[in-house]
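Novice: Taken in order, these protein sequences are the chains called A and B.
If you count the first sequence from 1, you need to add 173 to reach this note's numbering.
If you count the second sequence from 1, you need to add 99 to reach this note's numbering.
Derived from the structure by calculation, the hints contain no laboratory data.
Quick reminder that beta carbons are idealized off the backbone N, C-alpha and C, glycines included.
It is possible that some hints are incorrect.
If you want a taste of the chain B side facing chain A, the calculated C-beta under 10 Å gives, among others [unchecked claim]:
#  : residue
1  : PRO119
2  : LEU123
3  : ARG211
4  : ILE215
5  : ILE224
6  : ARG274
7  : GLU277
8  : LEU280
9  : SER307
10 : PHE334
11 : GLY372
12 : SER432
13 : VAL454
14 : GLU455
15 : GLU466
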Amino acid sequence: MSKKFDIFDILVGNSNDSDYGNKPVIIQGITGNFGSVHTRLMREYGTNIVAGVTPNKGGQSFEGIPVFDSVKDANKNFGAKISGIFVPAPFFLSAVKDAVNSGIKLLIAIPEHVPIRDAMEALEYAQSNGARIIGPNTPGVIIPSVSKIGIMPSQPFTKGNTAVFSRSGTLMYEVSYYLSREGIGQQIALGIGGDPINGTNLIEAFELISERDEVESVVVVGEIGGDAEESLVQYIEKTGFSKPVVAYVAGRSAPKEKRMGHAGAIVYGNYGSAESKISSYAKVNIPVAKRPAEVPSLLLKLMK
Amino acid sequence: MKLLEYQGKELFAEYDIAVPKSYLARNQSELSHITDKLQFPVVLKSQLTVGGRGKAGAILKCTKMEELVPKFTELMKKEVKGELPEVILIEEAVSIDKELYFSLFLNRGKRRYSLISSAQGGMDIESVENKVIQDISITGLTQSDAESVAKKLSLEGVTAKSFSNIVIKLAKLVREKEAELAEINPLAILKDGTCLALDSKIIIDDNSLFRHPELRKYVQISELQEQAEKSGFSFVELDGNIAIIGNGAGLVMSTLDIVTDAGGKPGAFLDFGGRATTETIYKALEVISKLSKIKAILVNLFGGIVRTDLVAQAILNAYQDGMISVPIYARISGAESEKSKKMLSNSNAKLYDTVEEAISSLVQYKELSK
């Protein structure tokens, strides 16, 4: 299913679309603390937010954006395919169902602390209805200088030809900032999310850009916990993925069996350890930066 | 949240999974209340969250009454990987024919639960061969899944039936209590052919606890941890003497790595999350101030949307209120950084442009190696 999913087509569109680079977006949880602050910032960046959703606040408006009780109500008028979810974690599952049932194809799921059982059910629901979730617990996705849906600051990002995929929010900003400083812009920066299960995992993120010529290289910002990096290496081996890749893995010095901030950042035995990930990358000759600031120089070396 | 063995076994009992007859004792007086009831031999098991109890000698068999108090006292004093027990589980020994392994766990890559089983129980599963690994459909584990595992383990008759029952019940427990992992190792086959859970390892999804009031009695966190969580922070105490504070789990982890590479010893991990206001930073410093082992603080803040003067103000307030006295090394990129540097020029805090610069000054601080 994932191969056919074209995130650029949904987020930006074709150059002959009338709404090219201006695709309508709905924000679920628009009147909340987080939702309202970031709606303002996303709009400033150029994201076309056409409607907001907050149950029981239908009929109100937020800075000129109409608010509806549900995506179902909102999307009758707008036909949006993208939603940014800013609702509190206990309401995540119902927000996803509402969106998926109402024509949304791409859901950017910001909330942290979503129970795993709800996330599993939401991902299954989206997948079986042809929709895609990014997150939960993601900073979102940004197409620099076109649009951002999420909570990332815009300053670190510049337009260019690398893709940044990150399991951590701040490290996505940090690494993009270092890249931008060295003149390496980003075609896309996407937060995988810090939870144990992700709607779009590293392999699926790679599939989003594997056939896109504008993406010339990839930076993977990983961390301890799970086996996403190990699986990615298997994917790279199997498919012969040929664009240059540089990796970073946070948490080399973290103790075992301690959850390091992210629900997914925990090592059991060797499962999820930084050593396991770093030695996997070594098998396919992917350089691993020791510090975030080292990423650009490793990438420049590969691009020569 | 990782449950202690006896807590997991309480859940097993609730789900009608057979466990040995047992008692709990926190001290000698509690022990004296149960001695009359005990049928020897019994097994004393230290209740710890760390693994490797058996090898460390924290599980002791007791064949007669006279051994009970000395062995109990020995276990209460026995530290395993830095952890002392608060309670000892006393179980009546059972006659075992064979030991199996069984677990259900969240398979992150597959976004599903998977089961692992083996006819070799009682050891670390990573070292076990001939494992049966099977994915479970999102709709749950079925009777035929359970029976097929029993078959693969060559179980027959009453044992196959008893095993399948436990598998089904454990799957129900995992679903209803929202466990990331439920492991029975060893799962004993008794002389009469029925199965019984000799040990338990259960990890509950922390993010689901809000809808499990019945599990709240198992939550065991330090006062400091509780204070940090109330403020919305992620906080982990470590062994060293440098506290590391930042906005974002990944950023703080990466800072931990750079500090460790430079020879420093992190003593605390604190991620205060998305909003860097004067109040949040002050509260973060307040949590750290309660750890007397901390000799220096490193603040690593990814700015962009952060106003650094708000952070500088929090640091100044913390010093002025006498809350902290140790030096602070801070990397704060963002707006107003020149102003912030001036604000802190007469304090025990120093601002750096890069985290590498902050860390290389930090690790030279002499008090750290004393």
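Novice: Each hint: holds or not?
Specialist: Checked hints:
Taken as an interface hint, B/PRO119 does not check out: its beta carbon lies about 26 Å from the nearest beta carbon of chain A, beyond 10 Å. A least Cβ separation of about 24 Å between B/LEU123 and chain A goes past the 10 Å threshold, and the interface hint is therefore violated. Here the hint on B/ARG211 is kept, as its CB sits about 8 Å from the closest CB of chain A, short of 10 Å. Interface restraint check: B/ILE215 against chain A, minimum CB-CB distance 12 Å, threshold 10 Å, status violated.
For B/ILE224, the shortest C-beta to C-beta distance to chain A is roughly 9 Å, which falls under 10 Å, so the interface hint holds. With a cut of 10 Å, the hint placing B/ARG274 at the interface with chain A holds, because the nearest CB-to-CB distance is about 8 Å. With a cut of 10 Å, the hint placing B/GLU277 at the interface with chain A holds, because the nearest CB-to-CB distance is about 5 Å. This hint holds: B/LEU280 has a C-beta 8 Å from the nearest C-beta of chain A, less than the 10 Å allowed.
The interface hint given for B/SER307 is met, as the beta carbon of that residue sits about 4 Å from the closest beta carbon of chain A, less than 10 Å. The closest approach between the C-beta of B/PHE334 and any C-beta of chain A is roughly 9 Å, which is under the 10 Å cut-off, so the hint is satisfied. Evaluation of the B/GLY372 hint against chain A yields a held restraint, the C-beta minimum of about 8 Å falling below 10 Å. For B/SER432, the suggested interface contact is upheld, since its CB lies about 8 Å from the closest CB of chain A, less than 10 Å.
At about 8 Å, the closest approach between the beta carbon of B/VAL454 and any beta carbon in chain A falls short of 10 Å, and the interface hint on this residue holds. A cut of 10 Å between beta carbons decides the hint on B/GLU455: the least distance to chain A is about 7 Å, and the hint holds. Interface hint at B/GLU466: violated, since its Cβ lies 21 Å from the closest Cβ of chain A, which is beyond the 10 Å cut-off.
In the structure shown, a violation is registered for the earlier hints numbered 1, 2, 4, 15, in ascending order.
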